[in-house]
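Model the full structure from these sequences, guided by the hints.
2 protein chains.
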Amino acid sequence: MEFTLKPVGVVRSPYKDFSQAPYQGRFSDAVSEIEVFEQFSPALKDLETCTHLIVLYWLDRARRDVLVTRTPYGEEERGVFATRSPHRPNPIGFCVVELLEVRGNVLRVRWLDALDGSPVVDIKPYSSDIDSVENAVIGWFREVSK
Amino acid sequence: MEFTLKPVGVVRSPYKDFSQAPYQGRFSDAVSEIEVFEQFSPALKDLETCTHLIVLYWLDRARRDVLVTRTPYGEEERGVFATRSPHRPNPIGFCVVELLEVRGNVLRVRWLDALDGSPVVDIKPYSSDIDSVENAVIGWFREVSK
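If you read the sequences in order, they're chains A and B. With our numbering applied, the first sequence covers 247 to 392. With our numbering applied, the second sequence covers 247 to 392.
Treat the hints with caution; some may be incorrect.
Below are the BS3-like pairs computed for lysine-lysine, each with C-alpha atoms no more than 30 Å apart in a straight line [said to hold, decoys possible]: (1) B:Lys-252 x A:Lys-252; (2) B:Lys-252 x B:Lys-291; (3) A:Lys-252 x A:Lys-262; (4) B:Lys-262 x B:Lys-252; (5) A:Lys-291 x A:Lys-252; (6) B:Lys-291 x A:Lys-392; (7) A:Lys-252 x B:Lys-262; (8) B:Lys-291 x A:Lys-291; (9) A:Lys-262 x B:Lys-252.
If you want the ones that stay clear, here's a sample from chain B, every Cβ over 12 Å from chain A, calculated [said to hold, decoys possible]: (10) Ala-267; (11) Ala-276; (12) Val-277; (13) Glu-279; (14) Pro-318; (15) Thr-329; (16) Glu-347; (17) Arg-349; (18) Asp-362.
To be clear, the hints were calculated from the coordinates, so they are not data collected in a lab. For every residue, glycine included, the Cβ atom is placed at its ideal position computed from N, Cα and C.
Pasting the structure below:
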């Protein structure tokens with residue numbers, strides 16, 4: 247059983263490779279653009295009313311054969327499902343972004359950590375009521391950050 | 247250009263079809279299970295230290311040819327990228343879930359709205375610092391909910 251994704255757009259970002267990208271886009275003020283391909287533009291209707299978006303993109307430069315990995319936060323190996331590493335069995339990138347502007351098929355956003363040229367596979371509206379959780383903690387990370 | 251997803255697990259939930267599933271799992275107390283397939287179990291290391299997870303799953307009963315849709319909230323058609331409709335070009339479901347228990351390869355969770363039998367494609371740790379946004383609004387939805 248396999249499923250096929252087709253790109254619906256592409257990322258234009260300041261990050262040319264993993265060494266340039268922030269570990270988390272949330273902590274950067276850089277502005278990126280998402281160009282949605284013309285044939286999907288009807289799906290953008292009403293998007294400009296959203297303050298924040300969920301962007302799912304394809305980590306096309308990631309490895310898929312990694313199950314445990316060392317993170318930037320210590321020597322211990324972690325299971326990739328317990329990390330935000332790009333290297334994972336299905337390398338789908340997830341970012342919450344602030345929507346700055348919609349200009350035709352181009353979305354200007356903040357907080358995206360995708361590399362330049364990354365294929366975009368889905369865009370969803372972010373809602374604090376549904377998607378925001380207070381006091382959610384990655385326990386192993388809290389331990390090593392003490 | 248196309249990308250291939252392979253399931254890493256499967257959802258066991260009380261929802262047999264879309265008519266039974268809540269519009270948003272967040273507003274339900276139902277408990278679901280995610281069975282991670284044996285070969286991916288090393289990727290679960292340290293997952294039990296996380297309070298909440300991001301679950302990406304495949305909406306295997308959704309349509310992919312829909313770009314605008316009517317929502318449960320009024321007659322107006324909306325672009326699917328501005329909605330949380332399951333019907334979209336790449337039907338990847340996204341849920342923030344509360345992790346109740348890890349029992350071997352099985353995760354017991356709350357807030358998942360996936361149908362029973364849905365393939366799971368990725369699991370990530372949720373962090374309030376990275377993923378939580380206050381006052382994020384879907385403008386069109388706020389208007390019709392007034």
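Given hint Lys-252 of chain A paired with Lys-291 of chain A - CA-CA distance at most 30 Å: holds (20 Å)
Satisfaction of hint between Lys-252 of chain B and Lys-262 of chain B, Cα-Cα up to 30 Å: Measuring from Cα to Cα gives roughly 22 Å; hence the hint holds.
Beyond 12 Å from each Cβ of chain A, as asserted for Pro-318 of chain B: Pro-318 of chain B is indeed farther than 12 Å from all Cβ atoms of chain A, at 14 Å.
Assertion that Ala-276 of chain B lies farther than 12 Å from chain A (Cβ): holds (16 Å)
Hint consistency between Lys-252 of chain A and Lys-262 of chain B [alpha-carbon to alpha-carbon, up to 30 Å]: Since the Cα atoms of Lys-252 of chain A and Lys-262 of chain B sit roughly 27 Å apart, the hinted pair holds (cutoff 30 Å).
Nearest-CB test (12 Å) between chain A and Asp-362 of chain B: holds (16 Å)
Proposed proximity, Lys-252 of chain A with Lys-252 of chain B (alpha carbon, max 30 Å): Answer holds: Lys-252 of chain B to Lys-252 of chain A is near 15 Å, not above 30 Å.
Given pair status - Lys-291 of chain B, Lys-252 of chain B, alpha carbons within 30 Å: Roughly 20 Å between the alpha carbons, so the hint for Lys-252 of chain B and Lys-291 of chain B holds.
Pair hint Lys-291 of chain B and Lys-392 of chain A, alpha-carbon separation not exceeding 30 Å: holds (20 Å)
Val-277 of chain B and chain A, when compared Cβ to Cβ, separated by more than 12 Å: Label holds. Min Cβ-Cβ 17 Å, cutoff 12 Å.
Given hint Lys-291 of chain A paired with Lys-291 of chain B - CA-CA distance at most 30 Å: Violated. Lys-291 of chain B to Lys-291 of chain A sits at ~41 Å, over the 30 Å cutoff.
Claimed clearance of chain A by Arg-349 of chain B, with the beta carbon kept past 12 Å: holds (15 Å)
Of the hints listed earlier, those the structure fails to meet are numbers 8 and 15, in rising order.
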